[in-house]
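Chains as they are written, first to last, in our numbering: chain A, 78 to 696; chain B, 20 to 412.
Calculated directly from the structure, the hints in this document are not laboratory data.
Note that this is a predicted model, so its numbers are computed, not measured.
Any given hint might turn out to be false.
[Claimed, not checked] Part of the chain A face toward chain B, derived, beta carbon under 8 Å: (1) 260; (2) 264; (3) 655; (4) 656.
Backbone N, C-alpha and C fix where the C-beta goes; we use that ideal spot for every residue, glycine too.
As a plain string of letters, each chain reads:
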Amino acid sequence: MGVIKRLSETLANKIAAGEVVERPASVVKELVENAIDAEASSVLIEIEEGGLKRIKVTDDGRGFAPEDCRIAFERHATSKIHEDSDLFHIATLGFRGEALPSISAVSHLELTTSDGVHPGTHLVLQGGHVIADGLAQSRKGTSIKVEGLFYNTPARLKYLKSIHTELGQMTDVVNRMALAYPHVRFTLVHEQKTVFQSNGSGQLSHVLAAIYGVRTAKAAFPFSGKSLDFKVEGLAVHPQISRAGRQYVYIFINNRFIRNYPIFNSIMEGYHTLMMIGRYPICVLHIQMDPSLVDVNVHPAKLEARISKEKELCALISESIRSAFHRERLIPSVTGKPHSRASKPKNEQQTLDFSPTAVTGPDLSEPIEHSEHTQTEKAFSEQVHEPETHTFSSQMAGKDESATTLEQSVQDTSDVEDSPSDEPQRRMPKLYPIGQMHGTYIFAQNEDGLYIIDQHAAQERIKYEFFREKVGETAREVQQLLVPMTFDFSASEYETVTEYQDYLQEIGLNFESFGTRSLIIRSYPTWLPEGREEEMINDIVHQLIETGKVSIKKLREKLAKMMACKRSIKANHYLRPDEIQALLDSLSKAQDPFTCPHGRPVLVHFTPYEMEKMFKRVQ
Amino acid sequence: MQELQDSNPNAALAMKCTVQKDKLADAVNRVMKAISSKTTIPILTGVKITSGRDGITLTGSNSDISIQTFIPLEEDGNENAVVHTPGQIVLPSRLFSELVRKLQDEDVHIEVDSRFIAKITSGATEFSLNGLDPEEYPNLPIINGSDAFRIRKDLLKDMIKQTVYAVSVTETRPVLTGVKWMINDGKLSCVATDSHRLAQRSVSVENGEDSGTHTLVIPGSSLNELSKILDDDDEQLVDIIMTTNQILFKSNNVQFYSRLLDGNYPDTSRLIPTESKTTIDLGTKDLYRAIERASLLAKEERNNVVKLRAEGNQVEISSQSLELGRVFETLVPEHFEGDPLRISFSAKFMMDALGKLDAQSVRIHFVGPMRPIIIRPIGDENILMLILPIRTF
Ligand SMILES: Nc1ncnc2c1ncn2[C@@H]1O[C@H](COP(=O)(O)OP(=O)(O)OP(=O)(O)O)[C@@H](O)[C@H]1O
Ligand SMILES: [Mg+2]
Ligand SMILES: [Zn+2]
């Protein structure tokens, strides 16, 4: 039974006509999308010579009814939307009825399909015209073979890049589809070699592993969030694994891959200071929402989307990612494998705190050996009386279960589940200092192994969190200037600044014109750091030009970073034992103790197992 | 001195005293040398003030050193301070020191309540500062050793000046950031080296009752600070007391503590050549200035290398910059003995060494182009400076 109808004239015009097939990769994209729309559970893509010789996409979807086959190659023939209003809630990938006619117009195309009920159809088209028509096996599914792409449009052909580049593009397309549909099994074969394969298990992390390897997939933290209108979920890879480009951030709205700058930014916000400047994460984000809240009909390649309530969505994304990281200990390990134990955080075995500072202040008055002895005893006896101290047996049970690493045993002991402690979770493991190296690194240990801490980065993090609070408190006061500051701008900058004059005035910057492209100010807000007022004002103007608004929060954050760096102990600075202890103690209270505000790691970790491996005590 | 009324009846009085402003300012100024704004223990950015029966003690402390200054109630018949209620407080040091310096009246009254709020009054000015709990302030090392000796203040300053410049400034080998002191048989010898150069000086000291040998390594930065806070009363003696991990210098009303470095200091004695193939005597200032001029060009090149050629009773100092040009200068030595020689060395190292010597002339011993250069002031066998040459290709 046929389901395809012609679009009404008006609807056809509403859909922007565009260049559907630009290059082999676009053919792959269109054919794979059709397979998905046909509810395939397995899609095989076979390529030869970068797609120029042959592209064949085979699916096990619902297939074409015999009478639909010819009409599918007519312009604006689609089974997917019928009414104007359907355009406002598109739930399929295709909706224009343009792909098949466009592809067949510039190639030699063969369609073999069956709906599994009727006899199958075999159709051959050349330059958009049917040149042969026959019967085929009645096995449910569709196979479309495209050969000699662009044979009749030499201009297009010339524009194509090397086989290598084209294959890269096609791999990208298939990767994205696989990430969009983890429950569909994708296989990409180039010249008889399998280039990529996903297992269709429905696990996003399996797809990530297929693309980036198991190490990256293991370093990915699942995140999720929900609001009235949106549901977001995905995988955010540990910031230690980062990229120089933005293309490793995948955004899907209702399983459709899109590009959207505000959403991208909201992901970066989620990583916040954990990501080094100029580096980008690997991250997959799925957004589910009512189709009526999103307009994908902006661009012929459907890559852009307009979203209602974008702000709300962005906030939800940032928050979901941030809180996923907050549950984790983001300590880079030396083998490069970050510890991505998404373990139940409440199950952490409490331990006795033997550190001398736990009970008394630091003390230099007595010889080290002596003081340590007495204080340890005191610390011990006081701690034992606390109800919090859990049984040793639970710890032992954990150790029995997994002999592999101690850290697991500490994390996974299940019989302390009903722990009454509601105090804020300490994310930093308790560390006991060993010493300092080169006046720069602090060595510390605990049952989980050896930790090396960059003392500057550590204090920078602590101070940053302190100043971030403090800078926010500054009052709205303005400093008058005897000699005004002059700023020279380009014509467009000048334009923007004058356009936003009122806005700038609100934040305490009163620009007055002074000649054609110069502006002066006679006062500035007092919270601008001394000696760097000009730099900060320039920053503000550039923020305004780039984003159309000024985020005081961002400026103050920059300020906090600057102050933190200035006020922190540097490398090559001896620290005495009580200072080291104090640093570790305040680090353990930091919100994000694992990276400095510039995203560099604060500490690295060697597990006992890694040490044993290094010394070949184990295989 | 006028009595101050307790104006805060709600909080118990924790300390109350009146001090002469100048005395206080001077004492604060000295302890500030031991207070760093960069520390991992926030209370150490403060100054601790203790009012006791005999006077007022100020304390500052950082990773390396602690300084205590004492203001006696009475000194040479003058009244410096009055303690009404003994007690202690820790105040933010930067603020407190500036505040004290800027006060106008002769006297400063400090009154602390049990919530650690300090009211500081002087004339018509009244400050209220939030202090910190003095109980949290780390205790200073207790030093009651009998291992002690005394040295004249000017001599101590000289010794520091002539050795400390050669310590290593990086923590890569921490023990080299210190000056090694060896006390033996009434003699103190000091050595410093950053492994490219070395400075050594010895003096006689007044031993305490014990006459054993002591070897300790004092951080160079501590010695620099010590020199800065010692006053100009040169003939006075400084008491020095040693323990295994601390050293204490006592002079007048100042106590200066420094940590000691642990680790084995390398044996430097065998690094100093005993023979000499070429020996040249030169005016200290003449040589210094010649090298200074040559280094104008040498500085432009990264390495700052100056060449010395000694031949036929003439010494030629030269240097060259590929871009800028070259410079030559000849000096006539006061005395020349041995083989002709060409050698290159760092202008900075040589100037550092020469600049610390007060003698009119120096005697320089060379053993070969790749062997250490020894510089000694003529007339003082107790001082030796060594620098290693630079190999040029
Ligand atoms: N693999 C397939 N299995 C079953 N039906 C298919 C398949 N590919 C295409 N079709 C049918 O052919 C019609 C035309 O496909 P075409 O790709 O040209 O248009 P579309 O997917 O509706 O819209 P768009 O141009 O946006 O992709 C589809 O509406 C669908 O009914
Ligand atoms: Mg389609
Ligand atoms: Zn940083």
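So which of the earlier hints does this model not fit? As far as the earlier hints go, 1 and 2 are violated by this structure, in ascending order.
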